[in-house]
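J.: Protein chains in written order, with my numbering: chain E, 1 to 116; chain X, 1 to 116.
A portion of the hints provided could be inaccurate.
Stated by the list, open to error - A few chain X residues that don't get close to chain E, going by computed Cβ distances all over 12 Å:
(1) Thr24
(2) Leu44
(3) Glu66
(4) Asp85
Unchecked claim - Cβ pair distances, simulated, as ranges:
(5) Arg64/E / Asn41/X: 37 to 45 Å
(6) Asn55/X / Gln98/E: 43 to 51 Å
(7) Asn41/X / Glu18/E: 37 to 45 Å
(8) Gln98/E / Leu82/X: 25 to 33 Å
(9) Ser66/E / Ala5/X: 28 to 36 Å
(10) Ser3/X / Arg9/E: 30 to 38 Å
Said to hold, decoys possible - Chain E stretches covered by chain X per the calculated footprint, using a threshold of three residues with CB under 8 Å from any CB of chain X:
(11) 44-56
(12) 62-75
By construction, these hints were calculated from the structure, which means they are not laboratory data. Here the structure is a predicted model, which means the values were calculated and not measured. Glycine included, every Cβ here is placed at the ideal spot set by N, Cα and C.
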Amino acid sequence: DAGVIQSPRHEVTEMGQEVTLRCKPISGHDYLFWYRQTMMRGLELLIYFNNNVPIDDSGMPEDRFSAKMPNASFSTLKIQPSEPRDSAVYFCASSLTQAGRTDTQYFGPGTRLTVL
Amino acid sequence: AQSVAQPEDQVNVAEGNPLTVKCTYSVSGNPYLFWYVQYPNRGLQFLLKYITGDNLVKGSYGFEAEFNKSQTSFHLKKPSALVSDSALYFCAVRDPPNTGGFKTIFGAGTRLFVKA
């Protein structure tokens, strides 16, 4: 398996522009998570999905952030409009429920976003 | 609500010496505890987990962790450190399954430096 795939790996944009980050989870996994990592705040959970349905989006910082999962193999995280304080590394992770438990998360390589 | 603390920002150890990276947790009910490692410019990788059973859990790359319920700790250990173990280590705690959620809370991370 190719693992969790994220694109792009690096994104540089100007303040006010729309940014879309993409994630392809591991095939067959039923949970998908979006995280943001910064030096100041560490690793923060933004939102997670179960079977393509958003379950908890309490970590989404503002209405400028939105996430979708139109099917089991694709998810997007969109920031519109982007601001410099959104600069961070954004990780996608997926996991599989087995025996009623969802344990290990498998992380993608991340997208490093820089908003100028 | 569950929480996890990693009291050390950085741990320095000489190659060949034993290493310990500390983690304490707070959770209602039985804890699900994890250790992940992050190498530069990479996503997090799963090392090991404690769900139930033996207090000493063995994981990848020769790492192990000891669950101590009375001290609410889950310290990561390795008998003999390698320079290649130098990385950022995260302790994490997950919602107990009977809460209905699958949110995983990550610690702030501990940077491990192994000197040759």
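J.: Each of the hints needs a verdict: does it hold here or not?
T.: Comparing the hints with the structure gives:
1. Thr24: holds (16 Å)
2. Leu44: Label violated. Min Cβ-Cβ 4 Å, cutoff 12 Å.
3. Glu66: Given that every Cβ of chain E is farther than 12 Å from that of Glu66/X, nearest at about 19 Å, it holds.
4. Asp85: holds (19 Å)
5. Arg64/E / Asn41/X: 37 to 45 Å: violated (26 Å)
6. Asn55/X / Gln98/E: 43 to 51 Å: violated (23 Å)
7. Asn41/X / Glu18/E: 37 to 45 Å: Since Asn41/X and Glu18/E have Cβ atoms about 25 Å apart, the given range 37 to 45 Å is violated.
8. Gln98/E / Leu82/X: 25 to 33 Å: holds (31 Å)
9. Ser66/E / Ala5/X: 28 to 36 Å: At 32 Å between Cβs, range holds.
10. Ser3/X / Arg9/E: 30 to 38 Å: Given a distance of about 32 Å, which is inside 30 to 38 Å, the answer is holds.
11. 44-56: holds (count 5)
12. 62-75: violated (count 0)
Checked against the numbered hints listed earlier, the structure breaks hints 2, 5, 6, 7, 12; every other hint is satisfied.
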